[in-house]
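Just so you know, the working numbering puts the end of the sequence shown at 510, numbered straight through with nothing missing.
These are calculated hints, taken from the structure and not from any lab test.
Here a beta-carbon is modelled for each residue, glycine too, at the ideal position from N, C-alpha and C.
Among the clues, some could well be false.
Claimed, not checked - Pair by pair, the computed Cβ-Cβ distance ranges are: (1) S193 <-> N165: 19 to 29 Å; (2) R449 <-> A422: 42 to 52 Å; (3) S152 <-> I281: 31 to 41 Å.
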Amino acid sequence: NRRPASWTTNDNSKTYGDQDPNPLTTGGTVAPGTGTGFLVADGVTAAYSRAGGETVLGGPYHISATLAPAAVLSNYAITNTGASFTINTRPATWTTNANSKTYGEVDPNPLTTGSGSNFVAADSVTATYNRTAGETVLGGPYHITATLAPASVLSNYSITNGGGSFTINTRPATWTTNANSKTYGSQDPNPLTTGSGVPPASATGFLVADGVTATYSRAAGETVPGSPYHISATLAPAGVLSNYSITNVGANFTINKAHLTVTANDKTKVFDNTPYSPFATTLSGFVNGETDSGLRSAGALSGAAAFTGDAISAYLPGTYTITPTIGTLAATNYDFIPFTNGKLSITYGTCGGSVPSILPPINSDGTSVYQRKGGSTIPVKFQVCDAFGNPISNPAAVFGPNGGATITMLSAVRGTVDTVNEVGVNTIPDAGFRYSGGQWIFNMATTNLTAATTYTFRINLAYDPSSITFKIGVK
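Working from the sequences, and respecting the hints, build out all of it.
This is the structure in structure tokens:
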């Protein structure tokens with residue numbers, strides 16, 4: 036007989052407008068008992084899907100659990116009723132901006148403005164505005180109501196829509212003070228700022244005949260954290276000011292951070308098969324006689340730069356870019372710009388006290404002359420060592436990232452060549468360098484060279500400044 040078993044699917048939900056959770060829900064089954072429950076060995080699992088729909092009123096939506104593997108399901112009498120997926124209303128706010136007019140003027144058109152927060156963009160929720168009737172100053176403020184549309188989508192939201200206030204004011208006059216700023220460590224501008232009275236219009240503005248002007252001052256302070264500092268506008272002549280309901284809020288004077296240049300320090304290490312660490316930077320651009328160490332002692336500068344670039348993980352010989360980033364750098368009165376890259380050079384060590392160079396039988400002074408003869412090769416040998424003086428056998432560390440052993444002919448000069456003073460090797464020419472006996476060897480066929488010619492070659496190493504140049508003559 037089939038074994039009775041149940042799969043329980045858990046209810047789930049989301050907020051209107053959000054993506055379905057992934058996975059859609061969870062579920063499971065009770066542990067198998069005597070004659071009941073899915074057998075553990077059958078490994079029954081479920082994939083979940085739900086009925087289509089994305090509105091609050093359309094829910095709840097049925098969640099179906101599709102069990103697998105199908106091959107074992109016929110062995111069970113399964114209870115699998117699914118579950119419910121609920122779409123909850125989305126909290127949203129419509130903010131209606133306050134507005135006003137001068138007594139006796141018509142209402143502005145539109146009455147005001149506003150904006151929604153957390154509405155789904157595709158629903159294109161908008162508002163039309165109206166206000167409580169009344170045209171007196173003391174009767175205000177009058178409530179502004181925002182009527183939202185389209186109505187068909189509003190049931191998907193829990194909406195906060197408190198409206199706004201419409202005020203009828205006495206005749207106003209406004210003095211506008213312009214914000215201004217300076218960089219930390221510099222003098223205040225002179226004059227401190229500029230400003231103006233709003234030009235007179237119907238029922239508003241200072242009258243031209245009153246000749247209202249302003250002088251400016253600001254709150255004391257010279258640090259970035261203390262700013263913005265308030266700029267006050269003192270209006271004159273005093274004899275006319277009582278005729279106005281004046282808006283004179285001043286403005287902000289901001290002290291902006293001075294810039295510190297973050298320069299990654301160039302670093303050099305000898306190849307030891309490990310990446311370089313730690314990197315460091317130098318900060319420059321301090322003002323007011325301040326220094327890196329002094330600011331750190333005062334708690335006004337902290338942290339350190341972070342680093343990216345190919346130098347971070349580099350360990351093979353070569354030249355790499357050290358790219359500084361902001362990291363944990365922080366300063367009270369400074370920001371960090373620009374960032375200047377540095378250079379990491381991973382060089383070769385010395386082999387018994389010598390830097391990489393051509394090895395015998397080729398003379399390093401360029402006096403070696405070989406005879407061009409079939410079957411004869413010139414043994415080109417060199418050795419590079421790590422930080423511990425050990426010969427390096429890894430071709431990627433010797434010849435570059437791809438391990439390609441290359442030799443470049445720099446020049447071939449025809450003319451008189453000294454007497455042959457070296458003996459070639461009767462061996463098969465090499466196609467490239469090979470490592471043997473602690474040395475890199477390349478048997479160069481003399482028949483590939485032209486007699487009566489002096490050649491200059493370069494062995495291209497991973498750390499290019501150490502590339503080996505040697506000279507030979509062919510007779």
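TODO: Report the numbers of all earlier hints that the structure fails to satisfy, in ascending order.
DONE: Violated: none.
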